[in-house]
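Visitor: Sequence:
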Amino acid sequence: MAGPVGIYISVPFCKAKCTFCNFASGVFGAERMQQYVEHLCDEIRLAHVTADKIAASLPRATDTIYFGGGTPSLLSAQQFRQIFRHLRREFDVAADAEITLECAPGQLADETLEELLRQRMNRISFGVQSFVNEETAAVGRLHTRAQCEAELRRVRTAGVHEINVDLIAGLPHQTAESWRFSVEQAIASGAPHISVYMLEVDDESRLGREMLEKGSRYSAAAVPRGDETAEWYQQACSALDAVGISQYEISNFARAGHRSRHNLKYWKRQPYLGFGLDAHSMLTAGDEAVRFANSSDLGEYLGNKEATGLPLLKFKRERQASGIDVIGPVEAFEESLFLGLRLNEGVDLGSLRGQFGGDTLREMMPALFEIRDAGLIEVDSDRVRLTPRGRMASNEVFSRLLITTAA
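Numbering of the sequence shown is given in the numbering used here, commencing with residue 2 and proceeding in unit increments.
Treat the hints as calculated values from the structure; they're not laboratory data. Note that CB positions come from ideal geometry on N, CA and C, so glycine has one too. The reader is advised that the hints may include incorrect statements.
Label pairs and their calculated CB-CB ranges [unchecked claim]:
hint: 1; residue 1: Ala-56; residue 2: Ala-110; range: 40 to 50 Å
hint: 2; residue 1: Gln-236; residue 2: Asp-374; range: 39 to 49 Å
hint: 3; residue 1: Glu-115; residue 2: Gly-329; range: 22 to 32 Å
hint: 4; residue 1: Ala-62; residue 2: Gly-304; range: 26 to 36 Å
hint: 5; residue 1: Glu-201; residue 2: Ala-375; range: 19 to 29 Å
hint: 6; residue 1: Ser-382; residue 2: Leu-403; range: 23 to 33 Å
hint: 7; residue 1: Gly-245; residue 2: Asp-349; range: 24 to 34 Å
hint: 8; residue 1: Glu-115; residue 2: Glu-346; range: 31 to 41 Å
Below, in silico cross-link-like pairs of lysine to any residue (SDA-like), each with a Cα-Cα straight-line distance of 25 Å or less [unchecked claim]:
hint: 9; residue 1: Lys-54; residue 2: Glu-103
hint: 10; residue 1: Lys-269; residue 2: Phe-370
hint: 11; residue 1: Lys-269; residue 2: Arg-373
hint: 12; residue 1: Lys-16; residue 2: Arg-89
hint: 13; residue 1: Lys-54; residue 2: Asp-111
hint: 14; residue 1: Lys-54; residue 2: Lys-16
hint: 15; residue 1: Lys-269; residue 2: Asp-298
hint: 16; residue 1: Lys-269; residue 2: Ala-110
hint: 17; residue 1: Lys-16; residue 2: Arg-90
hint: 18; residue 1: Lys-269; residue 2: Pro-389
hint: 19; residue 1: Lys-269; residue 2: Ala-78
hint: 20; residue 1: Lys-269; residue 2: Leu-153
hint: 21; residue 1: Lys-54; residue 2: Ala-286
hint: 22; residue 1: Lys-54; residue 2: Asp-298
hint: 23; residue 1: Lys-16; residue 2: Gly-245
hint: 24; residue 1: Lys-16; residue 2: Ala-62
hint: 25; residue 1: Lys-269; residue 2: Ser-206
hint: 26; residue 1: Lys-16; residue 2: Ser-77
hint: 27; residue 1: Lys-16; residue 2: Glu-201
hint: 28; residue 1: Lys-54; residue 2: Asp-326
hint: 29; residue 1: Lys-16; residue 2: Met-199
hint: 30; residue 1: Lys-54; residue 2: Val-327
hint: 31; residue 1: Lys-54; residue 2: Gly-329
hint: 32; residue 1: Lys-269; residue 2: Asp-242
hint: 33; residue 1: Lys-16; residue 2: Glu-289
hint: 34; residue 1: Lys-54; residue 2: Gln-271
hint: 35; residue 1: Lys-54; residue 2: Met-365
hint: 36; residue 1: Lys-16; residue 2: Ser-206
hint: 37; residue 1: Lys-269; residue 2: Ser-77
hint: 38; residue 1: Lys-16; residue 2: His-40
hint: 39; residue 1: Lys-269; residue 2: His-40
hint: 40; residue 1: Lys-54; residue 2: Gly-287
Based on the provided sequences and hints, a complete structural model is requested.
Guide: What follows is the structure, encoded as structure tokens:
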């Protein structure tokens, strides 16, 4: 785990909140958004000071910056200029850095796009979810198919060609035919990267509460069955692969040379640092790694006078001390295994053996063989990867591995 740090910027603002979502995001006024940006910039300014206080290593070099949310494109040109000014003071941004903006179609002002291009933003991830207007409207999305197509043309004309399109299988009112249409439209859009998710409804979201209470306001009764959603996901995998948009992670598909460099940092356990509401981080600390996260409560985050969710205390080498998780050898082995299994290339057991020793791997082998016999993974020489069926039951696979290691 080494190399330049990846930077994640959380922007938790939306024009309207999706009915299935319970993320740390919401609809706020301009004054609150500016207050947030100023606090965010203070947090960036203190990044290396804070890392020193917890004995973590924070490289100045960064080669990926990812604005996620929420809907980061709602920030103004001036606010992005302010954020980038602080980022470049605190970090050395590589000339070829991948800089990604998550964006809802129709919610990126011309002036903001122009400023982001000046800041060398070169990748946009569009939260399309569906190219069928009835389906997007049912979950509170504000865009139409026509707006999606117009936005794709606009950003290409502006010079952005690294584009991701998000799709969700299992939306209310979705059918096998309408899902096939959305996948075909995503392919026809020419986007070199497509993400496919199966709908996950948070119980505390509006749609989740309605499903539990069997209400009708948010189309809970029109949510497809889980087995239908799983079948549609598998159909999308086949359709995308057939046109050269190959799956490289459970939910991510790309043409050659267009994988998300930032997201690969998560799955390969490379260092990353999150700023803003509910942002998560992982940095090295001596021979170990540390994980920590900011508050998911906006009032609490903004009320923290130290401008960071990290406790500015002397670092203690105890797990869970001061809100910081110290990742020792056993936890690092677990993470390397289940994060690596998310990738289609799987995990090289020889590499794990060299990094963590043969004993740890030998203890894991009975569980691996049990999962293999269940048809969820395949073991080819010294490499382990999920089967297509295993990707559908990945949480079960990971939990079995974690429970076995902890035993």
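Visitor: Now tell me if each hint is right for this structure.
Guide: Here is what the structure says about each hint:
no.: 1; hint: Ala-56 with Ala-110: 40 to 50 Å; in the structure: holds, 42 Å
no.: 2; hint: Gln-236 with Asp-374: 39 to 49 Å; in the structure: violated, 27 Å
no.: 3; hint: Glu-115 with Gly-329: 22 to 32 Å; in the structure: violated, 47 Å
no.: 4; hint: Ala-62 with Gly-304: 26 to 36 Å; in the structure: holds, 32 Å
no.: 5; hint: Glu-201 with Ala-375: 19 to 29 Å; in the structure: holds, 23 Å
no.: 6; hint: Ser-382 with Leu-403: 23 to 33 Å; in the structure: holds, 25 Å
no.: 7; hint: Gly-245 with Asp-349: 24 to 34 Å; in the structure: holds, 26 Å
no.: 8; hint: Glu-115 with Glu-346: 31 to 41 Å; in the structure: holds, 38 Å
no.: 9; hint: Lys-54 with Glu-103; in the structure: violated, 32 Å
no.: 10; hint: Lys-269 with Phe-370; in the structure: holds, 23 Å
no.: 11; hint: Lys-269 with Arg-373; in the structure: holds, 23 Å
no.: 12; hint: Lys-16 with Arg-89; in the structure: violated, 29 Å
no.: 13; hint: Lys-54 with Asp-111; in the structure: violated, 41 Å
no.: 14; hint: Lys-54 with Lys-16; in the structure: violated, 37 Å
no.: 15; hint: Lys-269 with Asp-298; in the structure: violated, 29 Å
no.: 16; hint: Lys-269 with Ala-110; in the structure: violated, 35 Å
no.: 17; hint: Lys-16 with Arg-90; in the structure: violated, 31 Å
no.: 18; hint: Lys-269 with Pro-389; in the structure: holds, 21 Å
no.: 19; hint: Lys-269 with Ala-78; in the structure: violated, 33 Å
no.: 20; hint: Lys-269 with Leu-153; in the structure: violated, 30 Å
no.: 21; hint: Lys-54 with Ala-286; in the structure: holds, 11 Å
no.: 22; hint: Lys-54 with Asp-298; in the structure: holds, 24 Å
no.: 23; hint: Lys-16 with Gly-245; in the structure: violated, 35 Å
no.: 24; hint: Lys-16 with Ala-62; in the structure: violated, 34 Å
no.: 25; hint: Lys-269 with Ser-206; in the structure: violated, 31 Å
no.: 26; hint: Lys-16 with Ser-77; in the structure: holds, 14 Å
no.: 27; hint: Lys-16 with Glu-201; in the structure: holds, 21 Å
no.: 28; hint: Lys-54 with Asp-326; in the structure: holds, 15 Å
no.: 29; hint: Lys-16 with Met-199; in the structure: holds, 23 Å
no.: 30; hint: Lys-54 with Val-327; in the structure: holds, 15 Å
no.: 31; hint: Lys-54 with Gly-329; in the structure: holds, 19 Å
no.: 32; hint: Lys-269 with Asp-242; in the structure: holds, 23 Å
no.: 33; hint: Lys-16 with Glu-289; in the structure: violated, 41 Å
no.: 34; hint: Lys-54 with Gln-271; in the structure: holds, 21 Å
no.: 35; hint: Lys-54 with Met-365; in the structure: violated, 36 Å
no.: 36; hint: Lys-16 with Ser-206; in the structure: holds, 17 Å
no.: 37; hint: Lys-269 with Ser-77; in the structure: violated, 33 Å
no.: 38; hint: Lys-16 with His-40; in the structure: holds, 21 Å
no.: 39; hint: Lys-269 with His-40; in the structure: violated, 30 Å
no.: 40; hint: Lys-54 with Gly-287; in the structure: holds, 13 Å
Of the numbered hints listed earlier, those contradicted by the structure are 2, 3, 9, 12, 13, 14, 15, 16, 17, 19, 20, 23, 24, 25, 33, 35, 37, 39.
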